[in-house]
Structure formats: C-alpha cells, structure tokens
Amino acid sequence: MTSLLETYAAITGNDVIDHLRQLAKPLANMKVVHVNSTRVGGGVAEILEKLVPLTNELGIDAKWEIISGEADFYECTKSMHNALQGNRENISPELLQSYEQTNIANAEKLRPVLEDADFVFIHDPQPAALINHCPNRHGKWIWRCHIDASHPYRPVWKYLQNIVSHYDASIFSLPAFAQPLQHPQYIIPPSIDPLSDKNIDLPPEEASQVYRDFALDPDRHLIVQVSRYDRFKDPVGVIRAYRLAKRFVPDLQLVLAGGSATDDPEGEIVVREVREAAGSDPDIHVLLLPPDAHRTINALQRAADIVLQKSTKEGFGLTVTEAMWKSKPVIGGDTGGIRLQVVNYHTGFLVHTPEGAALRIRYLLHQQQMRAQIGERAKNYVRENFLLTRHLREHLTLLVGLHYESRYRIKLS
Amino acid sequence: MAGNTHFLFNDCALISIATGQKAMTLTELRNNLIHISLDSIYHHFWGGLLVPRFEEREFNNDFAGWVRHSLRDPVLAERLAAIDPTASSNLEELRQELLDLIEERLDENETVGWTRGNRQFEFLRSQLVVFDANRRLEKPEDLAEQIPLLSTSSIFYHFIDARRRLDQGCDDFSHWLADLGDEHLGLCKQLAAIDPYFSSLSQIRTELTALFKTYFTGGSP
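Chains as they are written, first to last, in the numbering used here: chain A, 12 to 424; chain B, 17 to 237.
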C-alpha cells in the first residue's frame, strides 16, 4: 500500500519528504499530542486531519484529542476569539467559570495522555487552560494561536496571558500576531493539504455539477467568497462590491459559501444579515453548506473566475491559499495573513473597501490574460510555501529546537 | 565536511522566532537596532531566503522594505537597500552601518523620526536545524553534477550560512577546495565573485551549476 508520505512526494518531490524523515529522526518514538475543540469544521481541524497521520508515518507517536463543552463554554470561547481579534468583549464571570470548569472536566479525561506526552500542542484558547490541570506533565507544552491577535482586547488577553505564560513556547501565524510572552514565540504560517477533498483535482463532470446544483450559469462570470458567516469576513461588504461591479459587468454572479463550525454560535445571526443584504437578487447565492461539503467548496472555487476574501480581520486566510492552489487570482482584505499571500499584480490584489474590491473585480474580468498569469503564479507560490509538508517541516524544526534548547544552529548527528 | 578529501552535503531547516521587539517609527527602529541580537540582524538580511514569502522582492533586506512601504521614505529605503552585507566583516559592523544610515537620515529630516509607519516592524530571529543530506562528493569534478540535485535549503547552508559559520567567512565549497591545495584557487576566486545577496536560492544554485560546469568541463553554462 502506498504510504501518505509517498503520495505527497508525488506532488512536492522526494527531497521534501527526505527532509521530513531527517528532521524526524531525533524525535523517533516520542509522544506528541494535539488538542483542539472540534474534529470537523474550521481550518485547525483540516490541518490536523493530515498533519497527525503524516507525523505518525515519520515514526513519531502522534495523537489528536478534542475537548468538548456545553453552549456556555462555546459562547465564552467565541468571545475570547473575537476579543483576541480586537473586539471589546466583556466576558461575564459566569462564562469564565464555564470555561474553567470545562477545561477541568476535559483534563480529567485527557490527563494521562497529556502528562505522558513529550510534546503537547494546544490549539487556540478553547483548551488552553488544560495546562493548569496537568501538574505532573513532563513534556514541553506549546500553545498554537491561529487567531490574528495583533491588537487584542486587553482585559481578555490579560486573562489568557496568565494561562499561556505557563507554556514552554507559543506559535503564531505571523510576526504581527505575537504578543509579549516570556517563552519563545515561533512563527509558523498554516498550510493546506493538496490531497484533501477541498483541494484535490476534481473530475470534470464533478466540477461542472456545481453549476446545476446551485443554479449557476457556466457561461457567465462568477465571483466566489468561501468562509464562515462571520462579520470579520465582511460578507455584506462583498455584496456591496458585487453590486458596484455589476453596474459594469451585468452578467456577474456571486456565491457566498460557508457553514458554521460547531464551535461558532454567532454564525446564524450573520447569515440573516447577509440574506437581508442580498435581498431578492437572483444572481446572489447565499449557500449554507454542511461541514463536510469539501468537494462542493472545491468545485465552487474552481468554477470561480475570481475568488474574494474581503476580511477585515483574518488569522491567515486558508481559503485564500486554497483558491490560489486552484490557480485563481484572489482579491483579499489587506489584513493578517492575506498580506503574506496576496501580492498586488502578482497573485491578486489587496483591498480596503467594497469600492476597491469592485474596481479589482472589473479589472480582472476585463484582463483575461492577466487573470491567467496571476493564477499560475499564485499556484506556484502556494506549492513552494503553503503546503502541508512545509508546515510539518516547521513543526519538526520547532520540536528539535525545543528538545535541544539551542540558540541559533542545531546540528543533528 | 571541509578538511577531508570528500565533501559531505548537509541540509537545513529554518524557523522564525519573534523577539518581541517592535518599531512603529524610525526612532524606535534605531533604538531597537542598538540592542537587538545579532541573530536578528542576520535574520532580516538573510533569513528571507528561507521563509515563506514572494520570491521577486523589491528589497533584499527587511529594513529597507519596511522603510519604503510602511514609513514611505524612499530616500532612506534606497540607502538601506544598497547595504551589501557580504562586505561587512562581521554582524556588529553591519549593525553599525545600519545605524549610521538611519542616524544620518534622522539628522537630515526631523519629521522622519516621528512619522508613524502604517505597519510595525517586528524584529525576528531564527533557529537553524542542520542535518545530513545523504550525499557526498569524492572529488571536485563531481560538483557540476551534484549541485543541481541539492535543495535550496542545502544551498543556503553551504553558500550563505557558511560565511557566518566559518572563521574564513567564505562558503563551504571554497573552504573545501582550498583545503585540497592550490589547484583550484582560480575556482575559489570565481565562487567569491558570485553575489548571493541579489539572487534567490534557486538562482544561486543555477549560477553555481553553470560555474562548476564551465570550470571542470569547459562546457557552456
């Protein structure tokens, strides 16, 4: 049977896989545990789905655990998420109590695995407080923040900082997101999995089925934004941009496609706002997709002439990476990790307003050749920088770094 | 590796680490530069070759790019971009060159010191993990054949990192060739003439391949 690593070698080349094997050697048989709060929905779950089995194939004993909680817990962690992104969220003592109790309850269940691990990756704020309830831990604990925490709401950050300060290291997606902490703060952008249902090449008949499923006209221009229904993704701003562009491109169609991750209770409210903004325009398609609709999202991104990600705040923007991997130019908000991926005139355009987005939509729809060139460059850029294998290499580099506690150069024998 | 009759290829992986130091104005940049670790200065000149970013960069060091695009001072950006880090004998000297140019600009134009950038400059450092690339050379003549097979990170280790690692401040290939005797001193001179600062790692690999091919076989690059 072909191993996962061999399958990736076909896309990335054997050298990339050889690097991983070399880096993993000093970590052989060590126990690594990842903990987050959902197994489906959201970028973190998508990354872990492949990162963990790949790590195992390299001879490291990797596990993926999830924590669970009640509605109060998710309300609290959603507020924490928004507060890290800068919203003034005053979290009530009752919700914080729920947060702490949920972590205590989950620690009861996970303690043996976590205390026994050589390395523990805790993803985002939800499980962060587990560390306080694993007093006999012997490994290194790493807090992985996937959120744009560049300007957090201070009272909430102060609360989380008290917890995170117990960790041995943290990881942020971009340098701008890092916060003053006493331990090393590694910078690791996330990645996409080229072999996942969301990114794999689709047979032509499956790709074209999406037009029929959602009553889209394949002969007319299509712009697509794929993301959770979240105000920071500015779906209403996308509708405004579409309307401004449609005056000049009358055949334009817009798809807003998203779903709600199981840990996001705010989504329904935003969907209502979006539907209200869309009104009765038959060319605006507001889709609520189930969390496992990966191939549908894949087909929608492939069907698009242009992909938008007009976020006003963004952790990294994996939907941008996904679109670029499908050779699509991206019009993205000038924020967070989108800046690292979208380079004006090279891989897409950065915008600040619906007006700016509308202008770039018109430009790209009129410049067919430019659109194709930008798409090609975008795909190459992702191949070299944002695939899962690069992400895994940096995780292994970090683990070796923490294991040897060296300053600049670590030479493996 | 060097010092032996054979040459062992290594490879490396680099990871960026935030130092926690940030600057929003030129004055803050200057103040941070006075104390920031040399690792950080090295990272902002050379680390960009190995971290995810668009290859066709306008500026080859992060300081120049930030001054141009965040502070919007093209004058200082051009001066900073003209710094050749390979010309400095050590990183302390490079730090001083940066500081001199920034001080000069602060003297020229008072407002530039207090102008807020539209993005912060975040000082980073890096950690490099080095491992065996499972390739070795028995004789210099094999360089032309082996170099194209190396990863870009291996090129970084042997052609960029070596300059900081070796007392002689040269690349690993020159060091090895010099150890073998005087026979290839001409080649060492040609290697020293390759400017690694304005090329991507894949371009450096192409240049090295062409040089070794021409030198050892007389073939066209």
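It is possible that some hints are incorrect.
[Stated by the list, open to error] With a straight-line cut-off of 30 Å between C-alpha atoms, the simulated DSBU-like cross-links for lysine-lysine are:
1) K42(A) - K151(A)
2) K155(B) - K151(A)
3) K169(A) - K155(B)
4) K205(B) - K422(A)
5) K205(B) - K155(B)
No lab work stands behind these hints: they were computed from the structure.
inquiry  = Name the hints, by number, that the structure is in violation of.
reply    = 2, 3
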